[in-house]
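K.L.:
Listed below are the residues making up each chain.
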Amino acid sequence: MSSNLRNRVYQVVSDVMDVPVDSITNNSSPDTIAAWDSATHINLILALEAEFGVPLSDEDALDMLSVRLIETILAERIAAESVQDKNLI
Amino acid sequence: MFLEDILQNMRPTPAAYIKAARQIELGGFSELKPISVAFLSTFTSDPLRPYLIVESATRGMLINPFFAPFNQLELQVFDSNSSLYKFKPDVVVIATRLDDISPNLIHRFINLSPADIEKELSAIELRLRGLIEGVRKHIPANVLVFNFAPPIVFAAGLADPFSKPSQFSVIQQANDRVAEICRNATSVYVFDYARMVSEFGLKYWYDYKLLYLGRIPFGANAQMETGRKLARYLRALSVPSAKCLVLDLDNTLWGGVLGEDGFGGIALGEDYPGNIYKEFQRAILSLRDRGILLAIASKNNASDATEVLEKHPDCILKTEDFSAIQINWNDKASSLTAIAKELNIGTDAMVFFDDSPVEREWIRSQMPEVTVIEVPQNPMDYTHALLDSGSFDQLTISSEDKLRGRLYRSEQHRKHLATQFLSLDEFLQKLDMTLKIGYVNSETLPRVSQLLAKTNQFNLTTRRHSASDINAMLESGAVALWLRVADRFGDNGLVGVTIAVPDKSGQWVIDTFLLSCRVLGRRVETALLAVLSDFVYARGCQVLIGEYIPTAKNKPAADFYKTHSFESLDSQNRFWKYNFDTSEIKIPEFMKVSIENVIESPQQSVSSSF
Chain A
1 MSSNLRNRVY QVVSDVMDVP VDSITNNSSP DTIAAWDSAT HINLILALEA EFGVPLSDED
61 ALDMLSVRLI ETILAERIAA ESVQDKNLI
Chain B
90 MFLEDILQNM RPTPAAYIKA ARQIELGGFS ELKPISVAFL STFTSDPLRP YLIVESATRG
150 MLINPFFAPF NQLELQVFDS NSSLYKFKPD VVVIATRLDD ISPNLIHRFI NLSPADIEKE
210 LSAIELRLRG LIEGVRKHIP ANVLVFNFAP PIVFAAGLAD PFSKPSQFSV IQQANDRVAE
270 ICRNATSVYV FDYARMVSEF GLKYWYDYKL LYLGRIPFGA NAQMETGRKL ARYLRALSVP
330 SAKCLVLDLD NTLWGGVLGE DGFGGIALGE DYPGNIYKEF QRAILSLRDR GILLAIASKN
390 NASDATEVLE KHPDCILKTE DFSAIQINWN DKASSLTAIA KELNIGTDAM VFFDDSPVER
450 EWIRSQMPEV TVIEVPQNPM DYTHALLDSG SFDQLTISSE DKLRGRLYRS EQHRKHLATQ
510 FLSLDEFLQK LDMTLKIGYV NSETLPRVSQ LLAKTNQFNL TTRRHSASDI NAMLESGAVA
570 LWLRVADRFG DNGLVGVTIA VPDKSGQWVI DTFLLSCRVL GRRVETALLA VLSDFVYARG
630 CQVLIGEYIP TAKNKPAADF YKTHSFESLD SQNRFWKYNF DTSEIKIPEF MKVSIENVIE
690 SPQQSVSSSF
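As they're listed, the protein sequences go chains A and B. This note's numbering numbers the first residue of the first sequence as 1 and each following residue consecutively. This note's numbering numbers the first residue of the second sequence as 90 and each following residue consecutively.
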């Protein structure tokens with residue numbers, strides 16, 4: 001897992017949920033962060049799309065229920081994007 | 090932390106807006122006007138919150154938003170004890186979608202008979218009118234009512250325009266009825282959602298996962314755009330539109346510099362690039378039709394400029410379209426102050442449009458209450474920058490507005506009104522000017538001859554020497570210098586020339602001294618004169634004579650030698666003498682001057698094939 005990816009994910013979560021970056025771990029989820037509800041979850045999905053430049057599907061949105069899951073799914077999406085770019089050549 | 094720190098360099102991403110909105114809400118910025126806005130919608134509108142707050146803050150407002158629970162309109166409006174009224178809003182936004190309040194008009198449109206359509210339209214009208222009247226019974230707040238965007242796909246598909254009635258025209262009818270309801274009420278206005286979606290692009294508007302997961306009918310960028318548009322409306326509701334647009338002339342109303350290119354040489358016409366400026370003039374005229382007063386603040390020769398306004402066949406704007414005209418050689422802050430006084434308006438009701446970044450910066454520093462439009466580099470973008478600036482946003486145009494331009498008429502004045510907080514020297518210092526002065530050589534000769542041919546205003550003797558004339562003068566021992574000026578905003582290029590000619594007795598006469606209009610009023614002429622006097626002194630000059638030959642256009646140069654301590658030698662003020670023993674010309678401290686191509690021997694003539 002790229003540490004750069006992790007740092008960027010943590011920063012986005014911090015900005016959207018208004019919690020310090022240091023308090024975030026891979027286990028962070030709606031259960032551990034009070035501000036993480038259905039409304040802010042939507043903001044989080046949009047913020048991740050903008051930060052990483054990859055589109056996320058409705059299923060991704062439903063699945064990304066912890067920071068660990070966010071990282072896993074994002075990594076897959078980013079890899080898929082770059083494969084797609086290569087296929088265009 | 091200052092507001093500018095939060096807003097500048099903000100990336101247009103959801104995370105950045107969310108963070109900035111939080112900082113704005115906690116920031117306690119007293120310069121922002123607090124406005125409470127309540128949203129009643131048939132869809133989820135909460136995601137708009139950060140965009141609304143940030144975009145409003147950039148327009149001088151601190152928005153306190155209240156989003157009523159999902160789909161609670163009548164419930165909030167008809168109950169005097171509702172959270173809507175407890176919130177005491179300044180503005181109430183009623184946002185509905187046809188998909189929510191009249192789904193038949195969207196999906197089953199093809200099956201509707203004309204009677205069915207009328208039934209749907211009447212139901213929409215009844216519902217919205219009820220909500221508006223309900224709000225009005227309880228509070229005097231301003232009300233914004235969303236109209237309706239077309240569906241992503243027409244029920245009839247490609248066949249819609251051929252259908253009678255087409256779905257598009259029916260939705261337009263719904264929007265016309267919304268407008269009528271708003272016109273008939275007090276302080277109720279249409280929020281043109283349809284137009285906003287169209288401008289942005291219906292194709293890019295929705296993010297389907299948001300629509301289905303959260304009933305949110307706009308994607309992230311569309312949310313940003315909605316926040317922006319709403320902020321403009323809110324500003325138009327709370328701050329009156331600017332009253333007067335003050336325009337420059339050269340490279341603003343026409344391409345080129347009138348003083349250099351002449352009546353026939355400026356770009357203004359049906360072909361490129363003149364058509365760009367002609368179109369811009371049309372846009373300006375449409376503002377006047379709205380009731381905005383037009384004024385001119387230009388550093389130019391008044392009769393030349395007036396000639397263009399009155400006689401140029403492609404000049405759409407005429408003298409009588411302007412309510413105040415200041416064409417002179419004074420600094421523009423004085424001109425703007427004079428215009429405000431003449432029109433009896435506050436300077437805070439003025440908008441300044443000038444292609445020169447230096448002039449814009451001057452006005453910003455001297456008159457921060459004036460709105461200075463950040464004019465784009467490319468004139469093709471002028472119209473958009475002007476009309477989209479938000480400075481002239483009005484939600485209605487009255488009949489008095491339409492007449493206003495014609496009620497104000499005035500003559501040209503030449504008033505001096507100084508209201509400066511920053512001294513001119515302080516301003517010039519901030520320009521970070523760097524000057525280069527050098528001997529005229531083959532590389533610079535073409536531009537030098539061009540300047541001699543074109544320059545009329547700051548030209549002491551208006552001698553139109555050709556390149557070969559200059560060569561001949563150099564061969565007989567003359568000194569010819571060029572001046573380049575760069576500043577914080579860019580390089581102005583080669584903008585000054587001077588030629589001094591010796592006679593046998595150790596007396597030198599300044600045959601030519603000129604500056605391009607671009608750099609007038611910045612004291613660079615002092616630097617050029619200082620360097621010239623040093624150079625001729627080093628060559629044995631004991632008496633330096635300046636010459637001024639008055640023309641119809643060079644009044645700006647009339648006092649040049651006098652202000653530099655030359656002594657007039659005749660009653661006509663034609664010849665002026667500089668005394669090396671008693672006077673000194675100092676280069677202003679805020680300028681960095683460097684000399685190029687320093688040669689010890691007499692200047693060589695320049696061989697060229699001109």
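Keep in mind the hints are simulated off the structure, nothing from the lab. Since the model is a prediction, treat every value here as computed from it, not as a measurement. Please note that a few of the clues may not be correct.
Claimed, not checked - Restraint ranges, calculated between C-beta atoms of paired labels, are given here:
(1) B/Lys675 with A/Asn7: 55 to 65 Å
(2) A/Leu69 with B/Arg100: 40 to 50 Å
(3) A/Ala79 with B/Lys292: 20 to 30 Å
(4) B/Ala474 with A/Pro55: 44 to 54 Å
Built from N, CA and C at the ideal position, the CB exists for glycine as well.
K.L.:
Looking at the structure, which of the earlier hints fail to hold?
P.N.:
The structure breaks hints 2 and 4; every other hint is satisfied.
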